[in-house]
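Undergrad: Spelled out from the first residue to the last, the chains are:
Protein chains: 2
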Amino acid sequence: MILLDGKATSAAIRAEIKEKVDALEKKHGRVPGLAVILVGEDPASQVYVRMKEKGCVETGIRSIPHRLDASVTQDELMDLIRSLNADDTVDGILLQLPLPSGLDSQACLDLIDPDKDVDGFHPMNVGKLALGLPGYRSCTPAGVIELLKRYDISTSGKKAVVLGRSNIVGKPMALMLIEYSDQGNASTTIVHSRTPLEDQKAFCQDADIVIAAVGRPLHVKGDWIKEGAVVVDVGIHRTDDGLVGDCDFEAMKDKCSAISPVPGGVGPMTIAQLLLNTMQAYSDHVKA
Amino acid sequence: MILLDGKATSAAIRAEIKEKVDALEKKHGRVPGLAVILVGEDPASQVYVRMKEKGCVETGIRSIPHRLDASVTQDELMDLIRSLNADDTVDGILLQLPLPSGLDSQACLDLIDPDKDVDGFHPMNVGKLALGLPGYRSCTPAGVIELLKRYDISTSGKKAVVLGRSNIVGKPMALMLIEYSDQGNASTTIVHSRTPLEDQKAFCQDADIVIAAVGRPLHVKGDWIKEGAVVVDVGIHRTDDGLVGDCDFEAMKDKCSAISPVPGGVGPMTIAQLLLNTMQAYSDHVKA
Numbered sequence: 001m002i003l004l005d006g007k008a009t010s011a012a013i014r015a016e017i018k019e020k021v022d023a024l025e026k027k028h029g030r031v032p033g034l035a036v037i038l039v040g041e042d043p044a045s046q047v048y049v050r051m052k053e054k055g056c057v058e059t060g061i062r063s064i065p066h067r068l069d070a071s072v073t074q075d076e077l078m079d080l081i082r083s084l085n086a087d088d089t090v091d092g093i094l095l096q097l098p099l100p101s102g103l104d105s106q107a108c109l110d111l112i113d114p115d116k117d118v119d120g121f122h123p124m125n126v127g128k129l130a131l132g133l134p135g136y137r138s139c140t141p142a143g144v145i146e147l148l149k150r151y152d153i154s155t156s157g158k159k160a161v162v163l164g165r166s167n168i169v170g171k172p173m174a175l176m177l178i179e180y181s182d183q184g185n186a187s188t189t190i191v192h193s194r195t196p197l198e199d200q201k202a203f204c205q206d207a208d209i210v211i212a213a214v215g216r217p218l219h220v221k222g223d224w225i226k227e228g229a230v231v232v233d234v235g236i237h238r239t240d241d242g243l244v245g246d247c248d249f250e251a252m253k254d255k256c257s258a259i260s261p262v263p264g265g266v267g268p269m270t271i272a273q274l275l276l277n278t279m280q281a282y283s284d285h286v287k288a
Numbered sequence: 001m002i003l004l005d006g007k008a009t010s011a012a013i014r015a016e017i018k019e020k021v022d023a024l025e026k027k028h029g030r031v032p033g034l035a036v037i038l039v040g041e042d043p044a045s046q047v048y049v050r051m052k053e054k055g056c057v058e059t060g061i062r063s064i065p066h067r068l069d070a071s072v073t074q075d076e077l078m079d080l081i082r083s084l085n086a087d088d089t090v091d092g093i094l095l096q097l098p099l100p101s102g103l104d105s106q107a108c109l110d111l112i113d114p115d116k117d118v119d120g121f122h123p124m125n126v127g128k129l130a131l132g133l134p135g136y137r138s139c140t141p142a143g144v145i146e147l148l149k150r151y152d153i154s155t156s157g158k159k160a161v162v163l164g165r166s167n168i169v170g171k172p173m174a175l176m177l178i179e180y181s182d183q184g185n186a187s188t189t190i191v192h193s194r195t196p197l198e199d200q201k202a203f204c205q206d207a208d209i210v211i212a213a214v215g216r217p218l219h220v221k222g223d224w225i226k227e228g229a230v231v232v233d234v235g236i237h238r239t240d241d242g243l244v245g246d247c248d249f250e251a252m253k254d255k256c257s258a259i260s261p262v263p264g265g266v267g268p269m270t271i272a273q274l275l276l277n278t279m280q281a282y283s284d285h286v287k288a
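Chain order of the listed sequences is A and B.
Be aware that the first sequence starts at 1, since it is given in this note's numbering, and climbs by one per residue.
Be aware that the second sequence starts at 1, since it is given in this note's numbering, and climbs by one per residue.
The shape of chain A in the complex, shown without the other chains (with noise of 0.2 Å):
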């Protein structure tokens, strides 16, 4: 069983990015910029910003921070990326999300410019994945592609299950696999809320890939994988046993050929696709 790494992966492409961004600076006389903005104190989304701002400074990407204050408002909050947009030494702008209730977080994604849409949450970058062209693409399903490229792990023609069909990982992570590429050409099978549970494991037991982002810890169970499938696992939930994912890794990892552990899978592979994402709009930008 080959454990899929992320920890490690995520520190190899930091290193590569670290690498391109001295020699970059030289070039262009400027870092890539990243502007971070958190608005209120919610506990989570502190730490994901602060893992990304590390990945920031780790790599030598600037990374501008944006603190607001649970109270701002909607426009204050629009002004400000805005500002953002204008700004040419900002080449990625990340909007943390939730936002506290009361902000509107659609109104403010489909502001921010999509050429500096790291995140990949814009319509015309989500629109862009779907049809196959170049653009930017969500972190956490692109992250999953990257830790299956550098496994040289290739999906094509095989069937790979996705569950889950959320905005931000499932519906673009499926699109991803129908892509034609060696991470792509899956036949490809999307599972969800509504789909009956022997379903779900029906599918999940033919499957060669299965991806599970349901946000339910160990929801997906030992016997509902198959003999050398590859398993990778999105799900992150803090429970008395500890850190544990939407799959039952214990269960199941002594079948799959490889599987993505909980922690140190898919969530430093999200962090380090986010700083991939930052140096393609930069390069598009001092292209531009």
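It should be emphasised that the hints constitute simulated quantities derived from the structure, not laboratory data.
Hints should not be assumed to be uniformly reliable.
Same chains, same label: a pair holds when it works inside one copy or across any pair of copies.
With a straight-line Cα cutoff of 30 Å, these simulated DSSO-like cross-link-like pairs (lysine-lysine) come out [claimed, not checked]:
#1 Lys255 / Lys201
#2 Lys149 / Lys201
#3 Lys287 / Lys221
#4 Lys27 / Lys221
#5 Lys253 / Lys287
#6 Lys201 / Lys226
#7 Lys7 / Lys253
#8 Lys221 / Lys253
#9 Lys221 / Lys201
#10 Lys149 / Lys54
#11 Lys54 / Lys287
#12 Lys255 / Lys27
Remember, predicted model here, so these are calculated numbers, not experimental data.
For chain A, the structure is supplied; the task is to place chain B on it using the hints.
TA: Just chain B now, kept in the frame of chain A:
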């Protein structure tokens, strides 16, 4: 077996639209306008454009034809689109594809105002579909959903297979089938050219709903379909034996609980959906 009669359903939709157009003209002083751009002499495109214009005439929508010579330059075509974007009496803009070689379709599609993109091909509208936001939806898959709806066929909790992963049918079809709705909520599998034939067959044999959009005559055989399944055939092919679809209608019709014929199934629904999209554009524009 229920025949999913697209011709009759489309006629009913056109009658509904005609009634609305008459009322709306009285209220707003103008009828909805659909600009149809046809470049060159492609015979199939000419037929499609004629059918779309006939749909307009029948429903009272004003068809605004723009026939351009195949020698038109990219700049001239883009200028026409710009002028239609700016024209307040034009609610929808349709660029008939394919364009003659030498012209860049994507650049033209990207230029069409997303609020007039009644074909639902603009990345902005594709992204909105993927995100579950309101927007214009690709006419063929949206027409399939409308057909199922009119026959009270729910896909919720059922197993659906989409054969084909095109931008125009397969991918948007799958996205619609996993939406939160009665003609959504399906566990949805997308198979395609890289899916081994035996897997395509096995997925179909297990499916409650099969939607074929592979573009190969009689690709889906009679023994691929389980008793009681619903089959929607998007394909249409001229053969020595007349028009046939992607499915072997004769070999499966007695097993299906419902099946769409070719011709007279999905084709007329595509046109009906285009007219519905034009009505939606008109409503949005007179409100704005």
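Undergrad: Are any of the numbered hints broken by this structure? If so, which, sorted upward?
TA: Hint check: 3, 4, 5 and 12 fail, others pass.
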